[in-house]
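Quick note, the sequences are listed as chains W and C, same order. Here this note's numbering is used: the first sequence runs in plain steps of one and ends on residue 497. Here this note's numbering is used: the second sequence runs in plain steps of one and ends on residue 74.
None of these hints come from the bench; they were simulated from the model. Just so it is clear, the structure is predicted and the values come from calculations on it, not from any experiment. A portion of the hints provided could be inaccurate.
Stretch by stretch, here's where chain C covers chain W in the computed footprint (C-beta under 8 Å, at least three residues) [to be verified]:
(1) 446–460
(2) 469–478
Computed spacing ranges between beta-carbons, pair by pair [what the hints assert, rightly or not]:
(3) W/Asp154 x C/Ser53: 49 to 59 Å
(4) C/Ser53 x W/Gly346: 32 to 42 Å
(5) C/Gly16 x W/Met111: 53 to 63 Å
(6) C/Ser53 x W/Gly264: 43 to 53 Å
(7) W/Pro330 x C/Gly16: 45 to 55 Å
All residues carry an ideal CB built from backbone N, CA and C; glycine is no exception.
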Amino acid sequence: MHKRFNPTVSLLHKHLIADGKKTALLGIDQRISYASLYEHILRYASLLQLKGINKGDRILIALPDSPEFIYAFLGSLYIGMIPVPCNDSMEKDAIEFILRDSGATALFTAMASPAAKATSAKLKHCYHTDTPEFGILAASVSPGACLPAEFAPDTLGFMLYTSGSTGLPKGVPHAAKDLLPEFNSFAVDVLKVVPEDIIFSVSKMYFGFGLLNTISSGLGLGATIVLLPEKPSVTNLRHTISTCRPTLLFAVPAIHEMLLENAGEILISSGIRACVSSGECLPKALCTAFMAKTKIPIIDAFGSAETFHSFIANRPHDVVPGTSGHVIPPWKVRLVNDENRPVPDGQPGYLEVSGPCLFPFYWKDRKDSAAGLPSGAWYRTGDVFLGRNTELSFVGRSDDMFKSDGNWVSPVRIEQVLKTHPAIKDCAVCARVFMGTHRPVAHIVLREGISEILEQDLHVFARTRLPAHMGPVQYNFHEELPKTISGKIQRFRLKEI
Amino acid sequence: MAVTTKDIMRIFKELGVEGPLDPDVALLDQGVDSIDLPRAAAAIEKKYKIDLSDAKCEQLKTITLFAKFVSSKL
Chain W
1 MHKRFNPTVS LLHKHLIADG KKTALLGIDQ RISYASLYEH ILRYASLLQL KGINKGDRIL
61 IALPDSPEFI YAFLGSLYIG MIPVPCNDSM EKDAIEFILR DSGATALFTA MASPAAKATS
121 AKLKHCYHTD TPEFGILAAS VSPGACLPAE FAPDTLGFML YTSGSTGLPK GVPHAAKDLL
181 PEFNSFAVDV LKVVPEDIIF SVSKMYFGFG LLNTISSGLG LGATIVLLPE KPSVTNLRHT
241 ISTCRPTLLF AVPAIHEMLL ENAGEILISS GIRACVSSGE CLPKALCTAF MAKTKIPIID
301 AFGSAETFHS FIANRPHDVV PGTSGHVIPP WKVRLVNDEN RPVPDGQPGY LEVSGPCLFP
361 FYWKDRKDSA AGLPSGAWYR TGDVFLGRNT ELSFVGRSDD MFKSDGNWVS PVRIEQVLKT
421 HPAIKDCAVC ARVFMGTHRP VAHIVLREGI SEILEQDLHV FARTRLPAHM GPVQYNFHEE
481 LPKTISGKIQ RFRLKEI
Chain C
1 MAVTTKDIMR IFKELGVEGP LDPDVALLDQ GVDSIDLPRA AAAIEKKYKI DLSDAKCEQL
61 KTITLFAKFV SSKL
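Working from the sequences, and respecting the hints, build out all of it.
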């Protein structure tokens with residue numbers, strides 16, 4: 001890549017030149033071309049520059065998945081600011097935490113979002129993009145009023161916030177170059193995204209996964225992006241898929257399950273060539289059932305806020321249910337034990353990853369220099385994987401795993417087995433000490449219409465499918481389980497319920 | 001209120017452990033396995049609304065000891 005570049009220009013300019021009339025953004029009732037997208041981005045950039053916001057300043061974007069989100073994100077990058085996407089429906093306190101932590105000086109949001117009432121000492125400019133006043137302001141600036149900022153390969157470009165499944169959200173900055181398709185081997189080599197693709201990321205852009213799918217894999221490769229501003233529901237997903245006819249669909253496992261149960265026939269007739277599941281391990285049973293019914297490959301892709309990109313995935317033509325697939329070059333992975341030594345094939349180990357887009361540091365530990373980790377640095381993700389030859393399977397989060405009578409217990413494995421029981425809608429497993437050792441305890445949500453099930457039935461079910469030490473010693477029943485806003489189980493809260 | 005050996009035996013029966021169980025012989029020597037013991041403790045916790053997380057193996061070794069330990073918690 002060029003030594004100096006601008007991420008917005010690098011992502012979009014070639015598609016603008018190739019065919020500016022091509023649809024960049026698609027919604028139920030809107031269609032925006034690459035030319036129009038670029039013009040709006042430049043207007044937002046000019047607006048920010050006129051306000052005297054400085055290069056490197058953080059710009060918080062608390063907007064739904066909408067054209068305005070993309071204008072604000074790529075407009076900020078055009079003039080060298082650091083966009084920070086965050087969930088627009090979070091409570092005011094959580095948004096203020098991110099405002100303070102990031103030190104953002106400007107905020108893009110909508111009047112309906114709790115962010116509209118958020119304040120912080122450093123926040124100077126608040127733009128409500130859904131108001132007539134903002135529309136007049138944006139129309140009044142010239143799209144050609146500012147020049148693109150130059151970025152070096154290690155200049156910070158954007159920042160993600162982790163979802164907080166283990167506590168407070170953490171800022172994870174990335175270099176701007178991490179957005180560019182030449183670093184996106186998942187989209188280029190695994191999914192083989194082409195400009196004819198129509199990409200629908202049900203996972204929102206405030207997640208790294210959603211941002212990657214939309215900005216890098218979608219716009220960066222000249223494809224068309226489908227935007228769904230609302231929270232996904234059976235109704236709006238059915239409508240969006242049948243209207244916009246995506247070729248690639250990205251979502252967490254729970255959404256795939258919802259689609260399988262409520263929109264199987266639409267998926268079959270939609271023209272989707274592959275579905276990508278991420279955010280949580282894709283259960284084997286769901287993967288198998290999804291492909292059997294729809295004949296669409298569903299790929300489990302693994303990445304994190306720290307890598308931004310997916311670096312382990314199944315391949316569309318070679319999906320092995322229950323596994324995460326293989327590493328995606330140029331990323332490298334290794335599995336190590338407590339002494340940091342490689343584990344033998346077939347044994348679980350801590351996953352470490354090395355690659356071109358690793359985060360340089362957590363925002364709270366930031367240094368004056370934006371230089372990244374040393375080349376070839378390894379990052380331990382906090383996950384335990386099992387490798388057989390080159391095939392990798394997720395075992396669990398290392399924080400969640402525990403030893404019972406000297407044997408490793410993976411809550412995820414137990415949950416996957418329990419979820420195949422016809423009466424169980426959702427479940428989570430955590431550890432409790434009984435008689436001096438940790439034992440698995442299951443927290444269960446029953447399906448609608450089932451009010452009771454005997455613990456003994458569940459015990460027999462688990463006992464015949466799991467090693468003895470993984471059989472839960474207690475089953476607790478709940479209406480719902482504590483989850484993060486992104487749908488991940490908050491295991492640390494299970495002990496409180 | 002005291003918990004009797006009969007109460008403990010009923011719990012084991014509900015958990016699918018086949019009897020008869022001798023109240024004074026080590027449970028592990030009567031076909032009760034190392035998972036059934038914490039399951040029984042967990043079931044008793046629920047039934048009597050007590051916390052048995054500090055129970056040690058020797059305190060639950062036999063039905064009689066089990067009943068005595070649970071009674072001490074009530």
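The hints, checked one at a time:
1. For the segment 446–460 of chain W, the proposed coverage by chain C is satisfied: 4 residues have a C-beta within less than 8 Å of a C-beta in that chain, meeting the threshold of three.
2. Coverage of the segment 469–478 of chain W by chain C holds. Counting CB-CB distances below 8 Å, 4 residues qualify, and the rule asks for three or more.
3. Taking the beta carbon of each, aspartate 154 of chain W and serine 53 of chain C are about 50 Å apart, inside 49 to 59 Å as hinted.
4. The beta-carbon spacing between serine 53 of chain C and glycine 346 of chain W, approximately 35 Å, falls within the hinted interval of 32 to 42 Å.
5. Taking 53 to 63 Å as the suggested C-beta distance range, the pair glycine 16 of chain C and methionine 111 of chain W conforms, at roughly 59 Å.
6. At roughly 45 Å, the beta carbons of serine 53 of chain C and glycine 264 of chain W sit within the given window of 43 to 53 Å.
7. Hint check: proline 330 of chain W to glycine 16 of chain C, Cβ distance near 54 Å, so the stated range 45 to 55 Å holds.
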